[in-house]
Amino acid sequence: MTPISPFSQGRLAGRSILISGGASDIGAATARRCVAEGARVACADLDQTAAERIVQELGGHAIALHCDVTEPLSAGKAVDATIAAFGHLDGYVHNAAASSRDGDVVELDLADWRREIDVTLTGAFLMGKYVVPALAKAGGGSIVLVASQLGHVATARSVAYCSAKAGLIHLARLMAVDHAAAGIRVNSLSPGAVRTARLLQRWPDLDEADASLAGHYLTKRIGRPDEIAASAAFLLSGDSSFVTGTDLLADGGYAAR
Numbered sequence: 018m019t020p021i022s023p024f025s026q027g028r029l030a031g032r033s034i035l036i037s038g039g040a041s042d043i044g045a046a047t048a049r050r051c052v053a054e055g056a057r058v059a060c061a062d063l064d065q066t067a068a069e070r071i072v073q074e075l076g077g078h079a080i081a082l083h084c085d086v087t088e089p090l091s092a093g094k095a096v097d098a099t100i101a102a103f104g105h106l107d108g109y110v111h112n113a114a115a116s117s118r119d120g121d122v123v124e125l126d127l128a129d130w131r132r133e134i135d136v137t138l139t140g141a142f143l144m145g146k147y148v149v150p151a152l153a154k155a156g157g158g159s160i161v162l163v164a165s166q167l168g169h170v171a172t173a174r175s176v177a178y179c180s181a182k183a184g185l186i187h188l189a190r191l192m193a194v195d196h197a198a199a200g201i202r203v204n205s206l207s208p209g210a211v212r213t214a215r216l217l218q219r220w221p222d223l224d225e226a227d228a229s230l231a232g233h234y235l236t237k238r239i240g241r242p243d244e245i246a247a248s249a250a251f252l253l254s255g256d257s258s259f260v261t262g263t264d265l266l267a268d269g270g271y272a273a274r
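Residues 18 to 274 (this note's numbering) are what the sequence shown spells out, left to right.
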């Protein structure tokens, strides 16, 4: 685990955070970061066994949950289970994502389009139905929707992925407007390319992916999951108390060109 600055220790003390897609690279890194900063975490994922492996690392500070964000009953149960375990809910990170398929509007199958939109965008909408009332009951809180730099720019043959992530960015703005009076902040977080298993759909290993993509980034490298987790922890914490309705680009300068 990457060492955490002493200035950030305890920023999330006493808070309970629900993370969907919590067993994946960025989700797991966010769970670790939140626990390191004092939070208790519900690590929710379609793959509960994988979530349980992450939770084992985190000791008594986390629980593993099965959650399908596309199913209202499952979404509601995840929120209820988090509150049952920790007493209240203070933050939610929507990191659930589908396995993307390439294609333009002519090539892409409708089923693949629907799957991408269902998990990324409709999933955030459904989770919001249960997360927002829980946060309001606790007196407020923070929601982070994990989007992408490709929600801002178009890339060839990624019509479903780019559309879903762009929708997620605007959904965060809309939720921020609608629920500010309840003390709820909502932001999106848009990573650039990150060293995750998703890149292995295109490259044989992460070092080759980094070498291929590095030239697009001012940092001359792609990101790490722990770097995105640090940004998520900032948005969940009181350090971002005046930040809502915006998108945080954690993209190594990709969009600056």
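Check each hint, because a few of them may be wrong.
Pairwise CB distance ranges, derived in the manner of DEER restraints [unchecked claim]:
{"#": "1", "residue 1": "D97", "residue 2": "H187", "range": "23 to 33 angstroms"}
{"#": "2", "residue 1": "R274", "residue 2": "T66", "range": "16 to 26 angstroms"}
{"#": "3", "residue 1": "A173", "residue 2": "G270", "range": "13 to 23 angstroms"}
{"#": "4", "residue 1": "K237", "residue 2": "P89", "range": "36 to 46 angstroms"}
{"#": "5", "residue 1": "H83", "residue 2": "L235", "range": "37 to 47 angstroms"}
{"#": "6", "residue 1": "A197", "residue 2": "R219", "range": "35 to 45 angstroms"}
{"#": "7", "residue 1": "G232", "residue 2": "G156", "range": "45 to 55 angstroms"}
{"#": "8", "residue 1": "A101", "residue 2": "A231", "range": "28 to 38 angstroms"}
{"#": "9", "residue 1": "L90", "residue 2": "G120", "range": "26 to 36 angstroms"}
{"#": "10", "residue 1": "A153", "residue 2": "A102", "range": "17 to 27 angstroms"}
{"#": "11", "residue 1": "A231", "residue 2": "K154", "range": "43 to 53 angstroms"}
{"#": "12", "residue 1": "G156", "residue 2": "E88", "range": "22 to 32 angstroms"}
{"#": "13", "residue 1": "E74", "residue 2": "A30", "range": "30 to 40 angstroms"}
{"#": "14", "residue 1": "E225", "residue 2": "E88", "range": "18 to 28 angstroms"}
Since the hints were derived computationally from the structure, they do not count as laboratory data. Note that the coordinates shown come from a computational prediction; the quantities given were computed from them, not determined experimentally. Positions of the beta carbon are idealized from the N, C-alpha and C atoms, including for glycine.
Problem - Outcome of range test on Cβ distance (G232, G156; 45 to 55 angstroms) - result: holds (47 angstroms)
Exercise for the section: Note whether the CB distance of E225 and E88 lies within 18 to 28 angstroms or breaks it. Expected result: violated (37 angstroms)
Practice task
Could you see if the CB distance from A231 to K154 stays within 43 to 53 angstroms?
Solution key: Once the Cβ atoms are compared, 46 angstroms apart, the range 43 to 53 angstroms for K154 and A231 holds.
Exercise for the section: Hint says 26 to 36 angstroms; check whether the CB-CB distance for L90 and G120 agrees. Expected result: holds (31 angstroms)
Exercise for the section: With 37 to 47 angstroms as the target window, see if H83 and L235 comply at their CB atoms. Expected result: holds (40 angstroms)
Practice task
Indicate whether the distance between the beta carbons of R274 and T66 respects the range 16 to 26 angstroms.
Solution key: With a Cβ separation near 41 angstroms, R274 and T66 fall outside 16 to 26 angstroms, so the hint is violated.
Problem - Pairwise beta carbon distance, A173 to G270, judged against the given window 13 to 23 angstroms - result: The hint (13 to 23 angstroms, Cβ to Cβ) holds, given that A173 and G270 are roughly 21 angstroms apart.
Practice task
Given the hint of 23 to 33 angstroms, check if D97 and H187 actually sit that far apart at their C-beta atoms.
Solution key: Hint holds: Cβ distance 28 angstroms, inside 23 to 33 angstroms.
Practice task
For A197 and R219, compare the CB-CB distance with the range 35 to 45 angstroms and indicate the outcome.
Solution key: holds (39 angstroms)
Handout entry: Status of the given 28 to 38 angstroms range, CB of A231 versus CB of A101
Key = violated (45 angstroms)
Exercise for the section: Could you tell me whether the CB distance from G156 to E88 stays inside 22 to 32 angstroms? Expected result: holds (28 angstroms)
Practice task
Mind checking the hinted window 30 to 40 angstroms against the Cβ distance between E74 and A30?
Solution key: violated (19 angstroms)
Violated hints, in rising order: 2, 8, 13, 14; the structure is consistent with all others.
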